[in-house]
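**Student:** Listed here are the chains, written in short residue letters.
2 protein chains.
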Amino acid sequence: MSTAKKAIRLCITGSEVMNGFVLDRNTQFFASELYALGYELKESRIIHDDPQQILAAWREFSASGDIIVNSGGLGPTSDDLTVDLLCEWLGDTAIYDAHAEKRTRFFFERRARLQKVSVAIDVALRQARIPSRAHAIKNSVGLAPGIFMPEANFFALPGFPDEIRGMWPETLSLIEALGLKRAQTKILPVWGVGESQLFSGMPELKKVTVGVHALPWGCRLFLRGAADDTEATAEVAALSEVFTSAFPQQIIESPLQAIIAILKTQAKKLALAESCTGGLAAKQVTDLAGVSAVFQGAAVTYANSAKAALADVDAEIIAAHGAVSFECARAMAEGVATRLDADYALSFTGIAGPDGGTREKPVGTVFIGICDRTKSATRVARFSFPFGRERFRNAVVAAGFLALWQMLEGTAGNPPWPLKEFSGV
Amino acid sequence: MSTAKKAIRLCITGSEVMNGFVLDRNTQFFASELYALGYELKESRIIHDDPQQILAAWREFSASGDIIVNSGGLGPTSDDLTVDLLCEWLGDTAIYDAHAEKRTRFFFERRARLQKVSVAIDVALRQARIPSRAHAIKNSVGLAPGIFMPEANFFALPGFPDEIRGMWPETLSLIEALGLKRAQTKILPVWGVGESQLFSGMPELKKVTVGVHALPWGCRLFLRGAADDTEATAEVAALSEVFTSAFPQQIIESPLQAIIAILKTQAKKLALAESCTGGLAAKQVTDLAGVSAVFQGAAVTYANSAKAALADVDAEIIAAHGAVSFECARAMAEGVATRLDADYALSFTGIAGPDGGTREKPVGTVFIGICDRTKSATRVARFSFPFGRERFRNAVVAAGFLALWQMLEGTAGNPPWPLKEFSGV
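First to last, the sequence lines map onto chains A and B.
So the first sequence is numbered by numbering that gives the first Met the number 0: it starts at 0 and just counts up by one.
So the second sequence is numbered by numbering that gives the first Met the number 0: it starts at 0 and just counts up by one.
Hint data in this document are derived by calculation from the structure and do not stem from the laboratory.
Honestly, I wouldn't trust all of these hints.
Label pairs and their computed distance ranges (CB to CB) [to be verified]: (1) B:S131 with A:E194: 31 to 39 Å; (2) A:P361 with B:G289: 17 to 25 Å; (3) A:M201 with B:D161: 25 to 33 Å; (4) A:L177 with B:A55: 44 to 52 Å; (5) A:A314 with B:E108: 51 to 59 Å; (6) A:L36 with B:E108: 45 to 53 Å.
We put the beta carbon where it would ideally sit given N, CA and C, even for glycine.
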């Protein structure tokens with residue numbers, strides 16, 4: 000194999016992707032991860048679970064001297080071809096990976112016992128196989144191990160995104176050991192800012208390229224310069240300083256994770272009251288393991304009657320101001336905080352669309368409340384995110400977590416949104 | 000060019016995709032459209048806006064005799080390379096497409112007049128160009144026309160999804176005229192079944208291929224046979240019957256959408272009580288527009304105290320049986336149904352992990368309750384989904400919606416899971 004490893008090539012195998020039933024999100028996962036680390040991704044080739052196509056792609060990639068990352072084909076069924084094709088290609092034989100074999104037997108024996116369903120263990124064990132000369136990459140989510148074949152600079156990972164994520168740290172450290180050149184990269188996640196806003200004060204660029212990825216919560220900025228170029232290093236640092244000064248309280252990887260960490264330290268509790276977001280904020284909180292120490296729960300109050308039943312919102316408030324209002328957002332936040340005995344509560348009430356908008360409150364209007372029971376104070380801000388239902392809901396939840404994080408950090412300041420402050424929870 | 004056109008190959012060009020900034024959704028659009036019509040899509044190759052890479056891909060695809068659909072590179076900027084590369088490849092020259100030229104001039108002249116911004120019209124007109132021997136495909140959304148080069152069985156479409164959709168009917172009729180064979184296809188989404196379970200009673204296949212896509216909610220099966228083959232037609236029908244008999248109440252596109260439709264017809268209301276799923280079920284319900292007619296809300300009762308505060312679960316039940324129990328799932332479902340005045344309620348309480356498992360109730364254990372207030376009855380089933388946090392939560396919510404749909408259809412039967420029935424809500 001060539002020693003001039005220049006780039007990485009992806010091979011995504013899966014007839015379910017080629018049939019259009021599954022959206023391939025793995026290309027973006029690999030691409031963004033590799034780009035952030037300064038690696039070059041050359042192509043992503045999506046093909047069927049077809050032995051000839053797969054072997055042809057691997058052989059072509061291998062001839063280029065690049066590193067190959069294959070995703071898919073590691074399950075127990077007959078269309079899971081990766082292990083057998085690897086053995087055919089490199090002249091190896093398949094063996095059971097001891098760790099994966101043990102886990103697979105344990106899983107199916109327990110399942111047979113509990114559900115009284117007998118499973119053909121021989122079939123199930125197919126996914127515990129690896130080529131004899133392979134290094135097995137541990138799979139903590141599913142049963143099939145990942146595979147690294149050092150002789151071919153070849154990695155095989157499953158197709159399931161959560162399994163890939165679980166194996167990614169080990170995979171990355173193996174890729175790192177192969178000694179590819181890495182561009183200098185600095186990533187700045189800037190919350191609550193749109194693309195056009197970002198570039199108003201941008202200095203002239205000499206050695207660095209700036210990539211912008213617009214997201215529901217703001218923008219992710221990628222500053223990139225050549226490896227081993229000290230001028231590029233200096234320019235990346237200077238640019239980074241420009242953006243950090245311009246958006247001092249908005250550059251953070253995850254406001255939500257920061258909130259959880261702060262609340263854990265302070266032994267404080269969080270509750271949520273969600274109308275238009277319909278459980279999305281609670282889902283994002285509970286996506287994180289270990290939040291039970293700080294998260295009490297959420298009142299998902301989609302119907303107006305539920306706002307009373309779960310968050311003690313007075314029907315008169317809705318009658319007087321509407322369910323989408325400063326006052327209702329305040330009542331939801333204070334009601335759920337009190338009912339769940341939480342120190343802080345976020346509330347969301349707005350119009351996700353496509354229907355329900357009015358002249359005064361068009362689709363995209365939302366009121367976000369933060370109740371701080373430690374100070375008997377509630378602040379409600381009015382935002383407008385007229386982006387369509389899905390992006391609206393993600394933008395709303397992101398704005399809420401950003402505002403709560405800024406408040407907990409004592410840096411909330413005065414955002415450019417219409418705002419009302421209330422006291423006396 | 001070869002007359003044996005067997006398949007279609009996609010070339011997706013765009014450095015923003017290769018950098019991970021943009022998720023490629025076009026592969027799935029083309030793939031699902033082509034698959035539904037029985038066409039064969041051979042591969043989707045995602046590459047940078049790099050002239051050498053693009054030309055190499057086109058030449059390779061062309062040599063195979065397949066139809067090429069290229070997406071991207073049709074704008075006005077210098078990284079929009081498609082027209083120039085096509086001319087280079089096929090020895091043609093670029094001309095203005097009369098229709099596109101007129102639209103582009105009109106658009107920019109009006110913009111200059113209205114916004115008093117002068118635009119370099121030469122640059123803007125770059126996107127109105129096509130090779131002289133091309134057929135232009137009208138773009139009703141954007142300005143750049145699509146391109147069909149009959150001599151190369153080559154289609155060029157833009158990268159923007161909405162522009163592609165606008166040009167798709169004309170593109171499809173041009174593809175159809177090329178006379179590709181179209182396969183017979185049958186798709187079966189089988190809920191609540193794992194891959195290994197699926198194939199235990201599978202008959203021998205002669206003329207049909209079966210693809211399986213494993214998902215958190217079950218499996219999607221693809222039966223496919225050759226065009227104009229009556230044996231394949233019979234085998235697809237027979238296989239379809241095998242699976243339908245084996246899983247009579249589990250083949251459905253979306254139990255959740257079916258539930259919403261049934262409840263709308265019956266004017267009944269739904270509520271949710273979520274512990275381990277943490278709002279995911281409510282999020283999935285409210286992902287759908289127009290559910291406010293049937294969805295009251297959800298009690299996300301992560302902490303035990305929240306189970307009392309939002310769903311009126313008696314503390315003694317948790318003390319006696321634990322929060323993860325038949326009895327607590329029952330109390331959550333009945334409590335939230337009563338409090339939100341819903342006819343049906345689903346409850347979820349389990350151990351998502353990674354921590355919190357015990358010997359009797361290991362990580363992955365979950366109790367799912369369905370309260371049917373129209374019959375004063377509650378049924379709770381115990382499941383085991385030891386799949387890691389994210390997939391666990393998706394599997395739990397899917398199992399709940401499947402069970403509720405089966406109950407509403409009157410076909411719940413006796414699943415192979417431990418079950419308790421309660422009466423008197």
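**Student:** Now, for every hint given, state plainly whether the structure supports it.
**Tutor:** Results of checking the hints against the structure:
Here the CB-CB span from S131 (chain B) to E194 (chain A) is close to 37 Å, well matched to the stated 31 to 39 Å. In this structure, P361 (chain A) and G289 (chain B) meet the distance hint of 17 to 25 Å, their C-beta atoms being roughly 18 Å apart. For M201 (chain A) paired with D161 (chain B), a C-beta distance near 29 Å keeps the hint of 25 to 33 Å intact. Judged by the Cβ atoms, the range 44 to 52 Å given for L177 (chain A) and A55 (chain B) is violated: they are separated by roughly 25 Å.
Taking the beta carbon of each, A314 (chain A) and E108 (chain B) are about 56 Å apart, inside 51 to 59 Å as hinted. Restraint check, L36 (chain A) to E108 (chain B): a C-beta distance of roughly 47 Å satisfies the suggested window 45 to 53 Å.
The structure fails hint 4 only (numbered hints given earlier).
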